[in-house]
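J.: Each chain is listed here by its residues.
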Amino acid sequence: MARKEMAGVAPADALAGGRRLAMRWRGLRQSRAGLAFLLCLPLILLVLGLIVYPFFYAIYLATLNKAETAFVGLGNFAFLFRRSTFWMVVRQSILFTLTAVFFKALIGFVCAHLIHNVPPGGQRIWRGLSLVPWVIPPALSTLGWWWLFDPTYSAVNWLLTSFGASAIPWLSDVFWARFSVILVNIWYGAPFFLIMYLAALKSIPEELYDAAKVDGANAWQRLVHITLPMMRNIIAITMLFSTIVTFANFDIVRVLTQGGPRNTTHLFATYAFKLGIQSGDIPLGAAVSLFMFPILAIFAMFILRDVRERTKRL
Amino acid sequence: MALAAAPRDTPTTRWVAFFGQRRWALYASYFFLFLFIVFFLFPPYYMLVTSFKTNAEISSLAGNPWVIQGDITLEHYRNLLLETSFPVYFRNTVVVTVLVVTISMLISILAAYSLSRMRFWGSATLATGIFLTYLVPETLLFIPMFKIVGGLGLLNSYWSLVLVYPTLVVPFCTWILIGYFSSIPRELDEAALIDGCNHFQMLTKIFIPVAKPGIIAAIIFAFTVSWAQFIYPLAFLYSEDQLVLTVGTVTTLIRGDVFAWGGLMAGALMAAAPPVILYAFLMDYYIAGLTAGATKT
Amino acid sequence: MRLFSQARRRFLAGTAATGAIAVAAPFVHTARAGGRVSLGLWDHWVPGANDALRQIAEEWGRQNKVEVVIDFITSIGEKDLITAAAEARAGTGHDIMVHRTWQVAVYENQLEPLDDLVAEIEKNEGAYNDIARYLARPNGTWRAIVAPTGSHSYPVVSRLDLWKEHAGIDLQELFPAGPRDQARIDAEWTYERFLEGARKLHAAGFPFGNPIGQTSDSQDWLGPLFLSFGSQPMSGDGEITIDSDGTRAALEFMKELTQYMPEDVYAWDDAANNRWIISGRGSAIQNPPSAWAVAKRDAPEVAAQLWHHDTPSGPNGRFRGSLPFFWGLWNFSTNKSAAKELLYHLASKEQVAKLLWASQGYDLPLQQDYYDHEVWLKEAPPPGTLYNYPGRGNEQVIVTGFPAPPAVGARIYNEGLLAVLVARVTQGGESIEDAIAWAAEELEGYQRG
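Chains as they are written, first to last, in the numbering used here: chain A, 1 to 314; chain B, 1001 to 1297; chain C, 2001 to 2449.
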């Protein structure tokens, strides 16, 4: 820690005061590492006991045979790699995640700008209203969407047919089913992005924009050269967080399509649930769940390291 | 500052200038915002309307489903509140959520204080790596958790949730708080030390009050996540008196292959009410909290 | 029979206490006074059915000084499967647990053998059918008894008025609530005739609708259909037999039938066909009586026209799908003797009769001896609609996946092999050969140990 000069104090007192301070710092620093560790201990215990240990147990499970009586090493993974359904799940998970995260970020970003530009008094109500999707428990709001898409009773199809269009098979056609699960995920997740980006927008100093305007920059240039760079960290972190969470999505697909039609909307979590709990092959289910971990971990570490580098430079 | 001579540029003055210069841009903003809000709100609107319809109307295909054509009925709400265990689920959810938020905030604040101000071997890795805990999804974790929760005798008790929910909440809250605590100037620390504060006093008298918005942001996140959880309660609870809102509503109102849509919609909306109310009060703090915490990491 | 002598030996060994080897109630004297038995049972959707069961169990508990605790666990979200998985893994939980369809085979090694109990029940209450044997007796040992509640089957549920008017078939006459003309049924109620009726009804705007999707209702009607064309996914020895003329015939049939069904059946879940018939747009589905029961409340004019009856027959016979429930005793239970006593009591004819009334005819025990219970005659309107819900004719009751070894059968059922196979051809446009090749590949995967 940098020690500041104590200006305006008599030299002798300053020296005495400085020495006292130094001694106090030294004393604290010696116990500091220990204290630091102690303060972190609940967190460390929580992570070790309830995340790391179950995680290794799950890895162990993924190396067992179905009856959990013999060790098969990477046999479960080799088995999965030979199944065409598994690769379909991989493709669908990647498609689902990339599409949903991109649009959530885009909508969040656009809406944040729109709300930011509303006169300050009125922002509150728009903010509140746009948060509603994120606030209803997703397991329950997805039921609402399901009812909206129900093949027989769909209110959305009623609207479409009233305007002369034809009813859309929201959940039974492969393309539309994939569209529907992504749509519901976007609907649920965009408010989270919105609120994070809105907060970030508010923290960008106005002076930067004013200076740019003086220099003759138009709105688009201001966006690209000021807003985006200032928000780079928050954009990276929210997209990383959302990618991780969206890959692991379970509720929405399970309630809307149960993975159908023909297993085309399965994600890792729903497919693992089907294999593990419903078919009774828990080791195989664990193997499916673990498949994404190495890829996501590497991806996450790159992003986080990049963010840290940039933070240090600031 | 270079622009000190120019009129003070607050959001209000900015809006006035904007409004004057490009009225159409403002109207366009409102228009698109309105579209997005319609997108966000039409499902809850439909859920609201359905919750007031009679069962017969819900089952009929006649007419416009977006409005109530027959009688408005409070039957679904009444049934949920008076004849099912919905109030019990509500109480359980409140208890679990309040406890989880409290415990998580304790853990997060202490850890964030430590990781933002002090160093020990591995602390930098921990601060960055804490995020990686989200890579292990709960749909995988709940199976090994059976052993842990069962071993502690907590199967079918909502205390199992109090134990397990912090794993979902603490990493993100710690990350927010680290960002926020890091942004508190070190001069405050040194001033406090000169005044003779120890760490505990520094934390409670300086950090927490100054970082209050960040803490509220973390509280809101913790609350929302705990309130809406579905998988862990589904896995660990089965008795009526232990269930929480999300799982309880679904299991009470979907029986076999019979769905009580009116009740489900009513239950969903009532389950969403507490977070909405909480947000209404704390939203300003949330925004302010994320402002500093989020962008400084 | 080896099984029988095993049971006798165990029985004799276990009842040495007072020497009263009363055949009628073999477990009375091994029940401890006091103690606790906890049960995790299926949460019945019929209002009042849970209470009836609880009353019977608690009454028994009072008489025998045993504390009986019952938790009713729903099958929504596979909660019952998850709870069973939790208890099996944690080694702690209820004493008696419900196991749906295939789950007995899944937990074979953790369930207490119940050969003696089953022998007693079969002697006094009537023989279990083949499906019970197939599902609850893996490797020759009974690991569960048939649950008195929850088991049901999938008859055809039709709108009498629509079939009479547009298809020209009087189903009430063909399947009366009384003595029937089986020869006539065999001649007139085949899949070919059904297809013709479906075509006419589709033209009239009231199609037959049944799910071809991811949930269990889809499997429950496709399995019997395939079997009736002579197609089975796997033989009892584990040989993959999906590539057969029977399969091709079934797929050709489905190609035609799906033309006369709603387009979105591929996304239907277990309740969608209920909604379909209740809405008035459907002329027939295959479902247990839950659809009719809800129609009674929400669309009485529709309910008054609903009739439950046999499935059509194919070249290889007439089959009906079912979903049996079993009750098993965990081997980590600490009060096995009292639990077995309670199981025996709940399975006795008197109690089951009460439970059948409470379920309003939904529960269909796996013992033919119960089929003359009056509930299926009395439930109305229309009077006699449930009479043919217990199979009165020559339908063979199966579970989709039969006769494959239960471990594989479980996957055939739970992963929806037949539904996906059909959908690949009828919705995805794949050729029958390609689809069969895919199914064979899947089946190979299911054999993983």
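Derived from the structure by calculation, the hints contain no laboratory data.
If you're wondering where the values come from, they're calculated on a predicted model, not measured in any experiment.
Watch out, some of these pointers could steer you wrong.
As the list claims (entries may be wrong) - Over the 12 Å line for every Cβ pair with chain C, so calculated as not near, a few chain A residues: (1) 80; (2) 213; (3) 243; (4) 259; (5) 260; (6) 299.
What the hints assert, rightly or not - Heads up, simulated DMTMM-like pairs for lysine to aspartate or glutamate below, C-alpha to C-alpha not over 25 Å straight-line: (7) B:1147 with C:2237; (8) A:66 with C:2237; (9) B:1212 with C:2112; (10) C:2079 with B:1189; (11) C:2255 with B:1138; (12) C:2296 with B:1138; (13) B:1147 with A:309; (14) A:66 with C:2108.
Don't be surprised by glycine CBs; every beta carbon is placed ideally from N, CA and C.
J.: A separate judgement is required for each hint: does it hold in the structure or not?
T.: Structure-based check of each hint:
1. 80: violated (9 Å)
2. 213: Correct as stated: the minimum Cβ-Cβ distance to chain C is 53 Å, above 12 Å.
3. 243: holds (26 Å)
4. 259: violated (5 Å)
5. 260: violated (4 Å)
6. 299: Check passes; 29 Å lies beyond 12 Å.
7. B:1147 with C:2237: violated (36 Å)
8. A:66 with C:2237: Roughly 19 Å separates the two Cα atoms, so the pair holds.
9. B:1212 with C:2112: Given pair residue 1212 of chain B, residue 2112 of chain C is violated - Cα atoms ~57 Å apart, limit 25 Å.
10. C:2079 with B:1189: violated (52 Å)
11. C:2255 with B:1138: Violated, at roughly 41 Å.
12. C:2296 with B:1138: violated (41 Å)
13. B:1147 with A:309: Status violated; Cα separation ~40 Å.
14. A:66 with C:2108: Judged against 25 Å, a Cα distance of about 13 Å means the pair holds.
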